[in-house]
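Just so you know, the protein sequences line up as chains U and C, in that order.
Those letters in the first sequence? Residues 297 to 536, per this note's numbering, in order.
Those letters in the second sequence? Residues 75 to 339, per this note's numbering, in order.
Hints are not guaranteed to be accurate.
As the list claims (entries may be wrong) - BS3-like cross-link-like pairs, simulated, lysine-lysine; straight-line CA separation at most 30 Å:
#1 U:K529 to U:K481
#2 C:K337 to U:K476
#3 U:K430 to C:K96
#4 C:K337 to U:K509
#5 C:K337 to U:K511
#6 U:K437 to U:K476
#7 U:K509 to C:K336
#8 U:K362 to U:K481
#9 C:K336 to U:K511
#10 U:K430 to U:K362
#11 U:K437 to C:K337
#12 C:K337 to U:K362
#13 U:K362 to C:K336
#14 U:K511 to U:K481
#15 C:K96 to U:K440
#16 U:K362 to U:K509
#17 U:K440 to C:K337
As the list claims (entries may be wrong) - Partner residues are not named here, just some residues of chain C that face chain U (Cβ under 8 Å, in silico):
#18 M81
#19 R82
#20 A85
#21 L87
#22 P164
#23 H165
#24 R168
#25 N169
#26 N170
#27 L172
#28 R284
#29 R309
I should point out that these hints are in silico values taken from the structure, not numbers from a laboratory.
Quick caveat, the model's predicted, so the values are computed rather than measured.
In this text, a Cβ means the ideal position worked out from N, Cα and C, and glycines have one as well.
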Amino acid sequence: MTVTDDRPAALACEGLELDYGGGSRIGPLSITIPAGACVALVGENGAGKSSFIHMLLGLRPPTRGKAFLFGEAAASPRSRRGIGYLQESVDFPERARARDIITLHKRLTGLDRDASVPDLEAYLDGFGLELTGKPIRAYSKGMKQRLALAVAMLDCGRLLILDEPNSGLDPVGIAMLRSKLDGLKAQGTTLLISTHRLAEVMQLADQVLVLHKGKVAGESPMSDFQDFGAFEKYFLERLQ
Amino acid sequence: MSAGPSMRLRAVLFFELAPALKGPLPWAALGSLALLLLPIRYVMVGDIHVNGELVGQAARLNYVLAIGYSTIVFLTTLFTLCFCLDRTGPHYLRNNDLLVLSRDVGRPAFYLAKMASVLIPSLAYGIFAICLFWGELYRIAGIDLHRVFVLILPLGLSMFCMVSLYFLMRNFLGNFMIFFLWLLLLPMIYVVNLWRYYAGFMSEGGLFPRVVGMLPQFGGIHAWSLGTVSDFFLRAESWHALANTSLWAVLSLGLGLYLFTKKRL
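Extracted from the complex, chain U is given alone in its bound form (with noise of 0.2 Å):
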């Protein structure tokens, strides 16, 4: 996927490559997404989604490649600042509480000295969550994607990585994060979004990058789908 407009790159790689060991690898990857644009990665189970995204946040160092955030190499913490991810499988620790998850994240960000910032019950209220005392452990798995949701969106100026966002939502969680995403949108926020559901994708997403194997199949602007039929197809065919 290349820039397609004068926009400058939000996330950028070149021959990016991960390899496992044993044959097994991802890539090489060279991407560049566009700042403001929203993509979906998607692809099936073990193609390399959440380890591409890893690697763009630094989190596991790439064999061979590059990867650059906002024009700084990934590698550095600088180049994470005003990015959100929230990750495939949401596990916190269980005896804390929403408050000291949100806390922590609002004084890592230095969002706890900033008077514009809505305090901590509006802002849980956001994601239909209540501050109360109640303890993780007592969390409902989609109350913990929501409260995931949350910490992922509290400083996400810049961009915003969602691997599996719709996971153990309720129709209404999703209704939330659709419009909680559309306003991001509208606010000039790159999303990544990495997921399985098609319909979810043809709804949100400017553009699709569909990997398999480790390596980009395709990648197509949405608009080129007249229907959610034909993207199925584009999809189906790309994984043969």
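Given the coordinates of chain U, assemble chain C onto it according to the supplied hints.
Same frame as chain U, but now just chain C:
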């Protein structure tokens, strides 16, 4: 807007410390200190005769010191391992930790904050136990054994070494395997090592004693510590254990940090 490095380190540290101070573990740790009081109450009070002869207070104090300090070390080690397990449980390097690392937080700062969140409550517990031991000895037997406070230093070094080793091993092993190895090695690094000094055990040399001598000498530190409080326990070469454990602590911290910064998460 971004927080400064020290503020980020403090934020992670406070967050990691909070669960260690909540839940049943601190209460269990405090409750188990009752074990510490038993030898003082039963050995230092009243007259004790052995083979019809009265045992003097100095001999009884040595016994209480050995049992008491061993209890402190045992309990502190146990709770330090529990804190390690708690802080590196199923959530370790999962959602929240990855999110913390995906923010502007360097890996060394995160690793050190995790370690400190184990060390701080462990040391606080050890210091409290030593204070309690001194206080009870003074209250019950009227003995002001203020030299026991020197034990804070070797106890701190032992805990630092153990936590460094634990986090080093956690880079490539699961908690279950670390506990298994720890239990397997504990008799070597503690009991056998301690007996080298007090029972002359394995002092004749050979491959096995040399290998045991190269392992972290927690038992040797114990011997050195007791020697600082009472001449009865003093052993000339026990200071070697201090050097050995300091070296292990520094090496495991350095190697652990290096591996963690290179680790695939």
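Consistency of the hints with the structure:
1. U:K529 to U:K481: The hint holds at about 27 Å.
2. C:K337 to U:K476: Judged against 30 Å, a Cα distance of about 34 Å means the pair is violated.
3. U:K430 to C:K96: holds, 13 Å
4. C:K337 to U:K509: Holds, at about 23 Å.
5. C:K337 to U:K511: Given pair C:K337, U:K511 holds - Cα atoms ~23 Å apart, limit 30 Å.
6. U:K437 to U:K476: Within the cut-off at roughly 20 Å; holds.
7. U:K509 to C:K336: This hinted pair holds, its Cα atoms lying about 25 Å apart.
8. U:K362 to U:K481: holds, 27 Å
9. C:K336 to U:K511: holds, 24 Å
10. U:K430 to U:K362: Not satisfied, since the Cα-Cα distance of roughly 43 Å exceeds 30 Å.
11. U:K437 to C:K337: holds, 29 Å
12. C:K337 to U:K362: holds, 17 Å
13. U:K362 to C:K336: holds, 16 Å
14. U:K511 to U:K481: holds, 27 Å
15. C:K96 to U:K440: holds, 21 Å
16. U:K362 to U:K509: Holds, because 20 Å separates the two Cα atoms, which is no more than 30 Å.
17. U:K440 to C:K337: Distance ~27 Å between U:K440 and C:K337 Cα, so the pair holds.
18. M81: C:M81 check passes; min Cβ-Cβ to chain U is 7 Å, inside 8 Å.
19. R82: holds, 5 Å
20. A85: Check passed: Cβ of C:A85 comes within 4 Å of chain U, closer than 8 Å.
21. L87: violated, 10 Å
22. P164: holds, 6 Å
23. H165: holds, 5 Å
24. R168: holds, 4 Å
25. N169: holds, 5 Å
26. N170: holds, 5 Å
27. L172: This interface hint holds because 5 Å falls under the 8 Å limit.
28. R284: violated, 36 Å
29. R309: Constraint on C:R309 not satisfied, violated at 43 Å.
Going through the hint list in order, the structure does not satisfy hints 2, 10, 21, 28, 29.
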